[in-house]
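**Student:** Listed in order, the protein sequences are those of chains A and B. 1 is the number of the first residue of the first sequence in the numbering used here; add one for each residue after it. 180 is the number of the first residue of the second sequence in the numbering used here; add one for each residue after it.
No lab work stands behind these hints: they were computed from the structure. A couple of the hints might just be wrong.
Said to hold, decoys possible - Pair ranges (Cβ atoms, derived):
#1 B:554 / A:18: 34 to 42 Å
#2 A:110 / B:299: 54 to 62 Å
#3 B:411 / A:124: 33 to 41 Å
#4 A:144 / B:206: 41 to 49 Å
#5 A:144 / B:358: 23 to 31 Å
Said to hold, decoys possible - Part of the chain A face toward chain B, derived, beta carbon under 8 Å:
#6 19
#7 30
#8 97
#9 128
#10 153
#11 156
What the hints assert, rightly or not - Derived pair list, reagent style DMTMM-like, types lysine to aspartate or glutamate, alpha-carbon separation capped at 20 Å:
#12 B:302 / A:22
#13 B:317 / A:32
#14 B:541 / B:650
Here the structure is a predicted model, which is why all the values come from computation and not from measurement. Every residue, glycine too, gets a C-beta built ideally from N, C-alpha and C.
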Amino acid sequence: MPDAPLQIMVSSTVYGSESDLDQIKYILEGYDYDVVMSKEGNIYVGIDDDPEDACLKAVEDCDLFFGIIFPRYGSGITHKEFKKAVELNKPRFFIAHQYIEYTRKLMAQFMYNEDKTRNGFDIQPTSVLDSIKVVDMYNDVRAKWVQPFFKTSEIQVFLETQFRDHERRRQEIEARNNE
Amino acid sequence: MNSEQLIKSLLKQGESEQLEFKQVVRKDAIGKSICAFLNHEGGQVLIGISDDNKVVGIADAEKWEKELTDYLNTSIIPEAPVMVSVEQVGKKEVLLIKVWAGSKQPYIFDGSIYFRKGQSTVKATSQQISDLIHNRQKDELHWERQLALGVELEDLDIHEIQKTIDRSINESKLDENKRNPIDFLTHFGLFQNGHFTNAAVVLFAKNPARFIPQTRVRVAFLEKGKTADEFVDDRILDGNLFKNISAVQDFFEKHLRTTRKFTEKDWERQDEYVVPMSALREGVMNALVHRDYSLSSASMSVIIYSDRIEVFNSGKSPLKAAELQKSHLSLPVNPDIAHMAFLRGFIEKIGRGTIKIMDACKAAGLKAPKWTTTDTSVKLAFPLNVKLGGAVDGAVDGATDDTLASKLDGAIDGAIDGATKSTKSKLSSLLRAIVDNEGKRIPDYKEITNLGSERTMERYVEQLREAGFIEFKGSAAQTGGYFITDKLKKIINQKSAD
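One chain only, chain B, in its complex shape:
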């Protein structure tokens, strides 16, 4: 679902307990609505919509995005994750603001507690305040808010905490004056009465499994051997949540890469993998953030099979499998862990993680991923178009490499008429360099491929563009770069003829 479809679907739903439209940015009115959503079931405010539900757009959307992020993430008490984004509808820009249901009710904005009543936001009555207080009691039973006994400050990875603080401040999600790690953890309830909570251990411990063994994550790569399936790479990750994310990423890098890369690793670069890295990342993040950690038997695993990748985690999803594929704003299972992941920039689209996964797979021409939920587990399976395995570890890269090269050759052959064999071969090399290094400009590709002068490169790039394999993205020549198109992605992801 792209931005435009999303906004249209919201307009169709109309204003409700969880949705409000505004024509212009009025900070105090938005603050009240967000506060009311936090005190209720979460919700979204869409700005740039006229009274008769037409998209009129707003000016300076990007400026407002930053200003409102700063304002809403710091002026509501207690602080809550508020996501502000600019969405494009035709040529107009609108702002979308989202919050999950709050876990620390009652929330206060500008000295008052606000409440959502149908389509309007009102000051809470005594009775409503009382209801909020009793509701919160339930949230306090969260496993993550219980104290983890025996954990000292030196058991935590201060560097990881500092990174979270710096990132939050840089992204205007946190006041400058919360730089001290203990103050920061105290402020977010991760340090209470001299003790760290379970959430603090999951997020920041150097060795969380020492205190909470079920934080471990299993990652495995299964090869189809001659006689039976066997795990050729089977590991247990025992770092904190942030360390585990990068360890899972490294694991994917090792086993899912279809092409060689020249740049440092980066989650955003997706198209060189059999499954888009952004979809995998989202799936793994969802599992790490929303999994059930409370039972010592709880577990999580990421397993690469020859025909699919499975991300499994313990925990009952609050939603049915079908609902997971839509936007939802219900209270996260582990609100404190989710809040930190948000501050750290790992959750950018509140309520849209699963949609992002679907979109990324669709764009890459893959079959839709599938969620299977039970009372105690959630499993996300990515079907693979390319069969993995069949070769010993280490040779995988080479094998898939050749496949990609021959696909690119085939694509060039089919689309470029009247060129010599040598030119076609050069075009193929250049295309390969762009696949491997998206987002760069002509001088960069000249350097990488060494195929000729800048003018020659310009000619080649133009030919690839005309063939519909690449496109230039970005507002200015100096900041943009070349990317491969959906058309080429489909070709790359097609099953081999064999």
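Just chain A, same shape as in the assembly:
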């Protein structure tokens, strides 16, 4: 019997064209993954469940976690999913829009107290960025590799490079689980 496909969770704020995110889903399915899309926490929720819990449960259940950081923070559920993936040390991959690193450097002067702790600074929402918390989200995952991107097609190239070889990912995960 062939192995069940790996389950990958794609977590991102809804941004830009919906069809960009749809393409990501179907490319991964084309590479034989079972895909759970969490666009702004948009995941199936049981009747008596809390939507946030359902999203975090999805993080627990997935084999691989893929986070996309657009210059958009949204409601904060995506940020919680990111934190959960880090907390559970899920095999994870992140890609961040180039504006995020730029904003991080530019805004650092306003964001921290003298003891380097985060103060309450935030910006007024604009058409290019709705909240500085996007930078916090980025900082929370930045300890590991985050690939920068500018165009949507660059996300696709990243997917292609990282996930094309389903079998190789499976072996890695099995080895990791056996450690």
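Since chain A is already given, all that's left is putting chain B on it; use the hints.
**Tutor:** Positioned in the frame of chain A, the structure of chain B alone reads:
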């Protein structure tokens, strides 16, 4: 090339990587093929063809045309321009569906990515998906997809965007729920991460030249003066693509009109001009949509000379001049701009624009237009049968008017026997009214000409019809109208004896 010739030529080519025949409408099978064509080099599906490549036709073709337009333009992800048309072969009707090669691969239909392999459509393998992703990288270098810095929403002509949305929804090319301008632009990739793209500026800015100076279009009318050629009307158009189209049209109206008109302007009414307006429109549209905008030195011009009209634009045509005269479905130079022009109804026959130009000129009895391409430019020249110019601006209409009147008189004289001079003169006036106002019915012409009772008019119309100058077109008496025939067009377009 008419519909029948086109279909026969497709049948002769046979099924291939870019062509598929189907006997009946099966939406899912068509969706898969169109998706596969988008992921490859474009293509067409012909429906109403039996397994042994015979035209069997389909029933309810017009109903299917609308239904498939709606279905294919909204069920493929990301959305792509899909053109569906009913084509007539003898007494049978077939459906022709066309797409350009896609610019946002991979395309998805019904949850899967499809790929064209020879004559069959298959689900893409991992390797094929990877290839598509790398191909797309090249398309993303398109100038039109780069961000135009400093452009705010108030710099755009919201009315123009709204018109595009309304038209798309009315023609079943867009979902009802994309009515908001920003959502609409975002959906089609013209607004990204808080910025508008160059394509958005070309298409919808109030003043695009402020951000992209090379969007300007020069239009000029050259008179042959006593001592030298001189431009008597020389202007720069600096509106967006849609505004420029209507400005060029107005310019043609002003300088190319051979007869006076009673109705409001309309691109479709062609035969009153020295060159059919539909051919000119297509030529100008092609240039505006497919020109190279990327260099600041890029330009476009429309110049009326005394013996020709030239539409010039910067840009390397992907095709050689000879290939331009055939049907082609290669990826447009500016796919996003082309998509909007399609939604707006300016590109109705994907891959057939140049054929349309040739056909319209031929039907009007004109010499074939000529394309000249270089590595950096495309020039389309319409030779004129009638010499323009020689008179000062404003007198042109009158001069050509007289020419037309005398041609019509001559035609009546030659074809109607045994009529009095007065009747001939009335027939000539009526014919003139039909030339000026095609597509109307007898009561309308009675009103326009004031030549007599409706019964008298009926008699005159019948005489003109018998002479082969006019014909009735339309399925029912209430919806059709009278049009001039090719025979009369030839007479009108003949060079004057002088």
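**Student:** It remains to establish, for every hint, whether it holds in the given structure.
**Tutor:** Here is how each hint holds up against the structure:
1. B:554 / A:18: 34 to 42 Å: Taking Cβ atoms as reference, residue 554 (chain B) and residue 18 (chain A) lie about 40 Å apart, which means the hint holds.
2. A:110 / B:299: 54 to 62 Å: Taking Cβ atoms as reference, residue 110 (chain A) and residue 299 (chain B) lie about 60 Å apart, which means the hint holds.
3. B:411 / A:124: 33 to 41 Å: 55 Å, violated
4. A:144 / B:206: 41 to 49 Å: At roughly 46 Å between Cβ atoms, residue 206 (chain B) and residue 144 (chain A) fall inside 41 to 49 Å, so the hint holds.
5. A:144 / B:358: 23 to 31 Å: 42 Å, violated
6. 19: 4 Å, holds
7. 30: Hint on residue 30 (chain A): holds, closest Cβ of chain B at ~5 Å, below 8 Å.
8. 97: Nearest chain B Cβ about 7 Å off; hint holds.
9. 128: 3 Å, holds
10. 153: 5 Å, holds
11. 156: 5 Å, holds
12. B:302 / A:22: OK: residue 302 (chain B) and residue 22 (chain A) at ~17 Å, within 20 Å.
13. B:317 / A:32: The hint is violated at about 26 Å.
14. B:541 / B:650: 19 Å, holds
In summary, the numbered hints that this structure violates are 3, 5, 13.
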